[in-house]
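**Student:** Chains A and B, in that order, are what the protein sequence lines are. The opening position of the first sequence corresponds to residue 0 in numbering that gives the first Met the number 0, with each subsequent residue numbered one higher. The opening position of the second sequence corresponds to residue 0 in numbering that gives the first Met the number 0, with each subsequent residue numbered one higher.
Source of the hints: derived by calculation from the structure; they are not laboratory data. Fair warning: this is a prediction, and the values are worked out from it, not measured in the lab. Just so you know, even glycine gets a beta-carbon here, dropped at the ideal spot from N, CA and C. Be aware that a few hints might be false.
Unchecked claim - Have a look at the derived ranges for each label pair, beta carbon to beta carbon:
{"no.": "1", "chain 1": "A", "residue 1": "227", "chain 2": "B", "residue 2": "194", "range": "51 to 61 Å"}
{"no.": "2", "chain 1": "B", "residue 1": "314", "chain 2": "A", "residue 2": "298", "range": "17 to 27 Å"}
{"no.": "3", "chain 1": "A", "residue 1": "49", "chain 2": "B", "residue 2": "141", "range": "51 to 61 Å"}
{"no.": "4", "chain 1": "B", "residue 1": "162", "chain 2": "A", "residue 2": "213", "range": "18 to 28 Å"}
{"no.": "5", "chain 1": "A", "residue 1": "250", "chain 2": "B", "residue 2": "300", "range": "52 to 62 Å"}
{"no.": "6", "chain 1": "B", "residue 1": "140", "chain 2": "A", "residue 2": "133", "range": "27 to 37 Å"}
{"no.": "7", "chain 1": "A", "residue 1": "281", "chain 2": "B", "residue 2": "175", "range": "37 to 47 Å"}
{"no.": "8", "chain 1": "A", "residue 1": "261", "chain 2": "B", "residue 2": "141", "range": "50 to 60 Å"}
{"no.": "9", "chain 1": "A", "residue 1": "49", "chain 2": "B", "residue 2": "197", "range": "48 to 58 Å"}
{"no.": "10", "chain 1": "A", "residue 1": "248", "chain 2": "B", "residue 2": "191", "range": "19 to 29 Å"}
{"no.": "11", "chain 1": "B", "residue 1": "58", "chain 2": "A", "residue 2": "143", "range": "33 to 43 Å"}
What the hints assert, rightly or not - Now the stretches of chain A that chain B is said to cover, found in silico as 3 or more residues with beta-carbon under 8 Å:
{"no.": "12", "segment": "127-139"}
{"no.": "13", "segment": "163-171"}
{"no.": "14", "segment": "301-315"}
Spelled out, the chains give:
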Amino acid sequence: MTSGRLKLCGLFMVLATAAPAAAMASGMGMMGGGQMPSTSPAMPSGPRYNAAEEAKSGAAAFDAGRFKDAARYFEHVTEVEPKAAVGWYMLGMARAAAGDDRSAVRAYEKSVKLDPVRIDARRDYAVSLARLKQADKAGAQLDGLKSEAASCNETCPQASDLKAAIAAVQQAMTPTQAAPGPAARLDTPANLLFAASQAGDLAYVRAVSLINERRYPEAMASLDQAEAAFGPHPDILTYKGYTWRKLGRLDRAEADYKRALVMAPGHRGATEYYGELKVIRGDLAGARAMLARLDGECAFGCAEAEDLRRWIEHGGDPAS
Amino acid sequence: MDRARRRSGLLIAAAALALGAAAVPSAPPLKAMRWLAPGANAARLLTRRPVECLKAPGDPVQAYLVELGRAAFRDPLLLGGQAARAGLACETCHQNGRTNANFDFPGLSGRPGTADVTSSMMSSHRGDDVFDPVPIPDLGGPKATLKISQAPGSDALPHFIHGLVTEEFDGPEPPPAILAGLASYVRALSPAACPAPASEPVRMEEAMGDARRAIRAAIAALAHGDSRSAQVMIQAARSALGAMAERYAGPALAPARQSLAVADLDLAAALAATRGHDPSATGRLTAWLGRSQAMATGLERDAPRSLYNPAAFAAVETPRTGN
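Start from the sequences and build out the full structure, keeping to the hints where you can.
**Tutor:** Listed below in C-alpha cells is the structure:
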C-alpha cells in the first residue's frame, strides 16, 4: 500500500469516528462500491491542506446547509487528493446543493471517471446533467443504471440504491409540470375498517376484534356476514385467510390470500399474510419475494412489510 | 346500548334505506379525516394543532433521547396491529404531545377526544369486551393531573409506555433507547414550556423539520452504535414524508409528491444499508439532509395549493356523512 493510500484511509477513518455531522465523507467512500485511489500526486512543497480536516469541515458545512463553504473545503480535498473519487463526488454534491449544476457536473464527471462503479455519483451526475437539459448524457447514465438494475433483478445488495437512483434521474429528466388550479383529491385506497363503519355494517369491525380475542370460529362468521353485506372485498378475504390459518387450514388460507391478491394485486395485508404463510411452510424464498413486493408497494414504509420482515428474520412468528 | 352500537344501528338503517345494500365508500384525502367526527370541519381541524410544550434538555444525553422519543412518538410504525395499519401514532391522540379533542375513531371513541384503551380492535392483549372510552390526557398539561408518575428516578413511565406499545397496540418490542427516549420526551413536556398562542398552523416546514430531526437522530444513533434505534428513526422520517405527500394531493401537485417519493427511496436505501450494518449509512443520511433542503424549496413553493392551506383544503373537501 502506498503512502498516499494510507493517508487517504486515515482520512476516512478520522471521519468515520468524527461527530455525526462530519461522518458523511466516510460513508461516501463506501457507497456503491467506491474505491480509494492508489496514489497521491507528488506535491512539490507538501500539501497545502490537511485532507482529513478539510473533508471534516466540508461535511460539517454541508450538514449545516452552508453549501458554498462546503464546496470550498472539498475543493481543497481534491487539490490534495485529486485521484480520490469520493472527494470529487463530495465537491459535486456541495456545488449542486449550492445551485451550481454546471460546476457540479465537472466534479461528478471526474468522480465517475475515477470510479465508474459508484451508483451515487452516477445518479447525481445524471441529475445535474438533466437539470442542465443535457438529456443525451443524462440518458446514457440512466441507461447504465437501468441495465445494472435489470441484471440485479431486485436481489443484489445494490438493489435499493439502483431503484432510488433510477427514480431520481427519471424525475430530473421528466419533471411533471404542475398544472394550474387548486389541488384535487388524492385517491387513497379504502380501508374497510373505516369504510364498513361509514356504510353502516360493523360485522367486519367485529371480526377484527374477535380475531384479536382469538375467537376464530366467531370471527369467521362475522367475516361471512361482512362478505354478505359488501360482497367479496380483499380486506375481508385477507382476514378470512388469516382466520383459516389460525384454524390450521393452510390450504384454505392460501386460497383466500390468492383471491384477495387477484382482486387487488398490491394488497398489503394479503401480501404480508401470504408471506407469513410461506414462512410457516418453510418457503423462505417465497416469503422474501412477498417482502420484495411489499417493499415495492409501500411508499414511505408500512407495518405490513416490517411485520413480514420480522417473521422472516425470526423464521416464524416473532411473537411466539 | 353503548354509543358505538347506537351509531352502528342508525348507520345500518340509513344505509339500508339509501343504498339497499352496503357499498364501500371512497377513502378521504387524508388518513386523519378517518378519525374525525361525522360532519366535522376537516379543513379547519386538520390545519391547526396545539402547540408543543417541549422543554429542551440541557444535558446532551437527555437531548439525544428526547429527539429519539419525539420522532418515534410521531411514527405509526412504532405501534403494531390495526393501529399501525390504520396510520395511528402516539401523536394521533396526543397532537404535538398534547391531546386531540377531535379524535373520533369509529368503534373506539365515545364522544370526540376519547378512546377505549382496552379495545380488542387494537389489542390482542388488553381487550376487555367493555366499551369504556376515557378522555385523552394532555401530556403537556400539569404533571399532577397525569396518572403515571413521571419522576426521573421512577421506572413507572417507561414501564407504562412499554405496555402501551407492546400490549395496548400490539407493537414490536422497541429498542431500549427508543423506549427511554419516549419516556424522556414525555417527561420533557411541560406547561411551563408552552409558547403562546395555544395553537399553531400545521405547516410543511414543520413536517419537513420533523423528518430532518429524525434523520439527525438516526445519525446520532449510528454514532452511538445503535443500529436498531437508527432504523426506527429512518422509518419515522419516511412516515413524516408520507404524511406530507398526503397533503400534496391531486394531479396538480404530482411533482411535489414525486420529489417526496424520490426522497423516500433514498431513505429506503439508507435503511437497507443500516439494517445491513453498511458503514456507508451515515454518509447516505447526511447526503439526504443536504438534498432535502432543495426539495423543501419546491415543496414550499407548492404549499399554498396543498392541504396545508385551509382554503385549498376547504375547496377539495368532500362533504362527509361518516368516517
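**Student:** Each hint should be assessed against the structure and marked as holding or not.
**Tutor:** The hints, checked one at a time:
1. A:227 / B:194: 51 to 61 Å: For residue 227 (chain A) and residue 194 (chain B) the Cβ distance comes to about 53 Å; the hint holds.
2. B:314 / A:298: 17 to 27 Å: holds (25 Å)
3. A:49 / B:141: 51 to 61 Å: holds (54 Å)
4. B:162 / A:213: 18 to 28 Å: holds (19 Å)
5. A:250 / B:300: 52 to 62 Å: holds (55 Å)
6. B:140 / A:133: 27 to 37 Å: violated (58 Å)
7. A:281 / B:175: 37 to 47 Å: Given about 32 Å between the Cβ atoms, the range is violated.
8. A:261 / B:141: 50 to 60 Å: Since residue 261 (chain A) and residue 141 (chain B) have Cβ atoms about 55 Å apart, the given range 50 to 60 Å holds.
9. A:49 / B:197: 48 to 58 Å: holds (52 Å)
10. A:248 / B:191: 19 to 29 Å: violated (58 Å)
11. B:58 / A:143: 33 to 43 Å: violated (49 Å)
12. 127-139: That given contact is violated, which follows from only 0 residues of the segment 127-139 of chain A lying within Cβ reach (below 8 Å) of chain B.
13. 163-171: It holds, with 4 qualifying residues against the three required.
14. 301-315: holds (count 6)
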